[in-house]
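I would like the entire structure built from these sequences, with the hints used as guidance.
Protein sequence lines, in the order shown, are assigned to chains A and B.
Residues in the first sequence are numbered consecutively from 1, following this note's numbering.
Residues in the second sequence are numbered consecutively from 1001, following this note's numbering.
Rather than coming from a laboratory, the hints here were simulated on the basis of the structure.
What you are looking at is a predicted structure, and each value in this text was computed from that prediction instead of being measured.
Just to be clear, a hint being listed does not mean it is correct.
Unchecked claim - Straight-line C-alpha distance at most 30 Å; calculated DSS-like pairs for lysine-lysine: (1) B:1160 / A:407; (2) B:1158 / A:259; (3) A:230 / A:151; (4) A:151 / A:172; (5) A:407 / A:354; (6) A:230 / A:259; (7) B:1160 / A:151; (8) A:180 / B:1158; (9) B:1160 / A:172; (10) A:259 / B:1160; (11) B:1160 / A:352; (12) B:1160 / A:230; (13) A:180 / A:259.
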Amino acid sequence: MEIVLVGLNHRSAPVEVRERVSFTAEQARQAAEELRARGIFHESLVLSTCNRSEVYGVPPETSRESAAVLSDYLSRFHAVQPEQLSSSLYQQYDRHAVRHLFRVASGLDSMVLGEAEILGQVREAYRLAHESGATGPVLNRMFQGALEVGKRVRHETELGMRPMSVASAGVKLAERIFGKLGQRTALVLGAGTISEQVVSQLRDRNIAHLYVMNRSRDRAELLAREFSGKVIGWEDWETALALPDVIVSSISTEEPALKRAMLVKAMTARGNRPLFVMDLGLPRNVESSAAELYNLYLYNIDDLTQIVEQNRDARQSEIPRAEAIVEQHVEKFLRWQASVELIGMVGALRGKLKEERGAFVRERVQRVPHLSPEQRAQMESLMDDLLEKLLLEPARRLQGEKDLRRKIQNVEAIRDIFLPGRERP
Amino acid sequence: MDHLFFPLTLAAYLGSFACYVGYLVAGREWSGRVATVLLAAGLVAHYYALLERSRGLHTVPYHDLSGSMSLFGWLLALTYLSLEVFHRQRSVGALVLPFVLAFFLFANVATAAHNAAVPAKGVAFALHVTLSILAYAAFGLSCVLSVIYLAQQRLLQKHKVGSIVWRLPPLDLLDRMSQSSVLVGLIAIAIGTALGFLWVDRLTGGVWHYDPKYVITLLVLAAYVIYLRLARNPSWRGSRASRLCILNFAIVIFSFTVVNLFFSHAHRYF
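See the structure below:
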């Protein structure tokens, strides 16, 4: 039962190659089906994100050729010259392929360490392949394991918990105050790139109402349209400030646009409900003394950058813990894999021994005179019992072997000695 | 049997505390689940410890300070567990369990009063006392939640966002948990006080046998009604309501200690 992985990612390939070798959902399904139809793999799955394209498969025979065949297939599928692709592709087998996938699902292999999106992408790739029937027992087990590892790493380490961008840090801080943002209102001042990033994060968290204010109404409308928000006129400050629970400000201004007095008025108008203000402008958009107001939480770009820096260090220090969780699950998967192989091997060996016994009886016992059919059947049964005993005792010992490496080596050695040339189960 | 249930309860509460800390500090999901299971096991063991103690001393748990403390700890744990299940939030378990443990240990260190059997006082009396202690436990829990709220709010306002801040419940949820706890306490104290008056009425034929405890209990009731009203007002919601909640609990402690020990003639340990 060999597992093969062939792929490329942000470390092995430049963006020009990555974008040529990426798969849409439909292409991923089509490729997985073709790989099985052509007999390259028994089971196959394509994982394609903006930073990686990887094909996982279980080939019918144990040979390293399947990786080469797969590389050829990829260059033909995407119409890329093989030599152009070969330097970007990496290949992994068995435990290394399993470890690679588990690290990917944990965010350990991501461009932004511990990024949250990859787990969802792995889940989606698995769902698509599973629904189209491209996966089988091995990849099912492997991808379910990957999802479990990814979840554990995110829950048990700081790797996925702490935000890594200014936009996500701001939104996560808002969640520390309000909990879920599903019933909250946000006001975005300015319609630049950073505002867009924050708005995108807020929309991902299903913010209930989104208002956009910008000097240029056209840009405000563009942003509002993209994220299903509403535009408020640039002059309408008084109304605008009384509405939101979260204010995101990133306007270009010489002096603070949001004065303390304006916020005092706004807080009174809104009955002093908590207000979270993200001041992402430089120079600052909000008068710093506004931070003293009751129930007002003010974070400027430096505060948020500092949090991101702290989080980056915290994430780095969590790598050993995350790797330890990955290793635990790799070991768990390999144990399962070794058990399955052992069961398959015992079954194959039993079949072979019965065949040998049949041939032996035909050849030798027929020569014995005066042997009635009952006696012959009794003799066959005794031989079967003996063979079963000889087979089962070592199999049980092997099943109980604690040392995984030794167990796998022994299974392989027995298969090579007694079942040469047989396909792995 | 008391000797069996004491170590069992202690082990379950200590294990639960350790697991809650593991959940809060390291974010281990399984640790949180085990903490909840151990807390539930601790509650069962603690219940039997209370029962056996009552049988051994031929009295009710609240007949002396030690028993009252133990019952308080049990009800505090019970209220917390209910809130945890209701709000699906177990991050504050690590901060509540030390109080449960403290009351449980204090109750077992304090010498039990080997008094003569208490005359049977009926269901109304038993419910009056149990509900009153439940109310104090619920108010105690809301006080702990309010302290956590203020601490977390301070950290957020001072931009000191360490790992604990990312794991504690959001401020809004802490506020709602505190209000839920006060609501439980208010219902319990209202019913408990009414039953107390009913019992006195049956016993003496009149309710107004002056006891300073009556006044302080009505004051506690009024204080928490005001809290609940204000905590739902946007202007008060948050830190102001949390401060009020802590202040209210100071009145409860005053009632539980000074009033009980020095002024009240009918309420000694509850």
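Evaluation of the provided hints:
Proposed proximity of residue 1160 of chain B and residue 407 of chain A is contradicted: the alpha carbons are some 51 Å apart, above 30 Å. Restraint check for residue 1158 of chain B and residue 259 of chain A: satisfied, since their Cα atoms lie roughly 20 Å apart, inside the 30 Å limit. At roughly 36 Å between alpha-carbon atoms, residue 230 of chain A and residue 151 of chain A are farther apart than 30 Å, so this suggested pair is violated. A distance of roughly 19 Å separates the Cα atoms of residue 151 of chain A and residue 172 of chain A; the hinted pair therefore holds under the 30 Å criterion.
A C-alpha spacing of about 25 Å is found between residue 407 of chain A and residue 354 of chain A, which places the hinted pair at or below 30 Å, so the restraint holds. As the CA atoms of residue 230 of chain A and residue 259 of chain A are separated by approximately 24 Å, the hinted pair is consistent with the 30 Å bound. Using a Cα cut-off of 30 Å, the hinted pair residue 1160 of chain B and residue 151 of chain A holds, with the two alpha carbons roughly 27 Å apart. Distance hint between residue 180 of chain A and residue 1158 of chain B is fulfilled; the C-alpha atoms sit about 22 Å from each other, no more than 30 Å.
As the CA atoms of residue 1160 of chain B and residue 172 of chain A are separated by approximately 14 Å, the hinted pair is consistent with the 30 Å bound. For the suggested pair residue 259 of chain A and residue 1160 of chain B, the alpha carbons sit about 24 Å apart, so the restraint of at most 30 Å is met. Between residue 1160 of chain B and residue 352 of chain A, the direct Cα distance comes to roughly 69 Å. Violation of the 30 Å bound is thereby established for this hinted pair. Straight-line distance between C-alpha atoms of residue 1160 of chain B and residue 230 of chain A comes to about 34 Å, which puts the hinted pair past the 30 Å bound.
For the hint pairing residue 180 of chain A with residue 259 of chain A, the CA-to-CA distance comes to about 29 Å; that is within 30 Å, so the pair holds.
In summary, the numbered hints that this structure violates are 1, 3, 11, 12.
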